[in-house]
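**Q** Sequence:
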Amino acid sequence: GRLDRNTTGLLLLTNDGDLADKLAHPSNNVKKLYQVIIDKPISNEDFFKIQEGVRLEDGLAQVDEIGLVNDSKTSLGIQIHIGRNRIVRRIFEHLGYNVTRLDRVMYAGLTKKDLPRGHWRHLSEQEVIRLKHLS
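My numbering puts the first residue of the sequence shown at 743, with every later residue one more than the last.
Careful, some of the hints might be misleading.
[Unchecked claim] Taking CB as the label site, the calculated pair distances span: (1) L876 - N840: 28 to 38 angstroms; (2) H864 - D760: 12 to 22 angstroms; (3) D856 - N786: 17 to 27 angstroms; (4) G759 - T842: 30 to 40 angstroms; (5) V870 - T842: 27 to 37 angstroms; (6) G759 - P783: 26 to 36 angstroms; (7) P858 - Q804: 27 to 37 angstroms; (8) D813 - I871: 32 to 42 angstroms; (9) G851 - N812: 20 to 30 angstroms; (10) K773 - R863: 18 to 28 angstroms; (11) L865 - K815: 34 to 44 angstroms; (12) T750 - K773: 16 to 26 angstroms.
[Unchecked claim] Only pairs whose alpha carbons sit at most 27 angstroms apart, straight line, appear in this in silico BS3-like list of lysine-lysine: (13) K815 - K854; (14) K854 - K773; (15) K815 - K782; (16) K782 - K874; (17) K855 - K874; (18) K874 - K764; (19) K855 - K773; (20) K791 - K773; (21) K791 - K764; (22) K773 - K815; (23) K874 - K854; (24) K764 - K815; (25) K764 - K854; (26) K773 - K874.
These are calculated hints, taken from the structure and not from any lab test.
Think of the CB as a built atom: it goes at the ideal place given N, C-alpha and C, for glycine as much as any other residue.
Based on the provided sequences and hints, a complete structural model is requested.
**A** Structural data, given as structure tokens:
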């Protein structure tokens, strides 16, 4: 999955075209988890709107899960499987919030835990097998 230039986080690089196609195709429901920092506290009403799905110009944007990360209600975790361009930013912007930071922390069950920013690692054999058997 691609990230726009203002988004940080986990990228998966592969030379396996079949695997890349499988991970990118929406029918495979590949889960992505983002930490979102917004410019002002989210209202309860908007939180529930996102939970229920937000109608954007290109259709309904449904999230799998959303949760608050801090008490100030400016840091949220959001899990999606839809892959439309800039979907997380567009959801919040539609409701009047400016996303000041967006970080993908999980992709297809892989996390960036314990991996410093700017660093990379090879996947284990078990991780590759699991990715190839996603359905």
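**Q** For every hint, state whether the structure bears it out.
**A** Structure-based check of each hint:
1. L876 - N840: 28 to 38 angstroms: 34 angstroms, holds
2. H864 - D760: 12 to 22 angstroms: 19 angstroms, holds
3. D856 - N786: 17 to 27 angstroms: 35 angstroms, violated
4. G759 - T842: 30 to 40 angstroms: Holds, at about 36 angstroms.
5. V870 - T842: 27 to 37 angstroms: At roughly 35 angstroms between Cβ atoms, T842 and V870 fall inside 27 to 37 angstroms, so the hint holds.
6. G759 - P783: 26 to 36 angstroms: 44 angstroms, violated
7. P858 - Q804: 27 to 37 angstroms: 33 angstroms, holds
8. D813 - I871: 32 to 42 angstroms: 41 angstroms Cβ-Cβ, so the 32 to 42 angstroms window holds.
9. G851 - N812: 20 to 30 angstroms: 25 angstroms, holds
10. K773 - R863: 18 to 28 angstroms: 20 angstroms, holds
11. L865 - K815: 34 to 44 angstroms: 36 angstroms, holds
12. T750 - K773: 16 to 26 angstroms: Cβ of T750 to Cβ of K773: about 18 angstroms, so the range 16 to 26 angstroms holds.
13. K815 - K854: Holds, because 24 angstroms separates the two Cα atoms, which is no more than 27 angstroms.
14. K854 - K773: 14 angstroms, holds
15. K815 - K782: Satisfied, since the Cα-Cα distance of roughly 8 angstroms is no more than 27 angstroms.
16. K782 - K874: 40 angstroms, violated
17. K855 - K874: Between K855 and K874 the Cα gap is close to 22 angstroms, so the pair holds against 27 angstroms.
18. K874 - K764: 8 angstroms, holds
19. K855 - K773: 16 angstroms, holds
20. K791 - K773: 20 angstroms, holds
21. K791 - K764: 30 angstroms, violated
22. K773 - K815: 23 angstroms, holds
23. K874 - K854: 19 angstroms, holds
24. K764 - K815: 35 angstroms, violated
25. K764 - K854: With a Cα-Cα distance of about 21 angstroms, the restraint between K764 and K854 holds, given a limit of 27 angstroms.
26. K773 - K874: Satisfied, since the Cα-Cα distance of roughly 15 angstroms is no more than 27 angstroms.
The structure is inconsistent with the numbered hints 3, 6, 16, 21, 24, although it conforms to all the rest.
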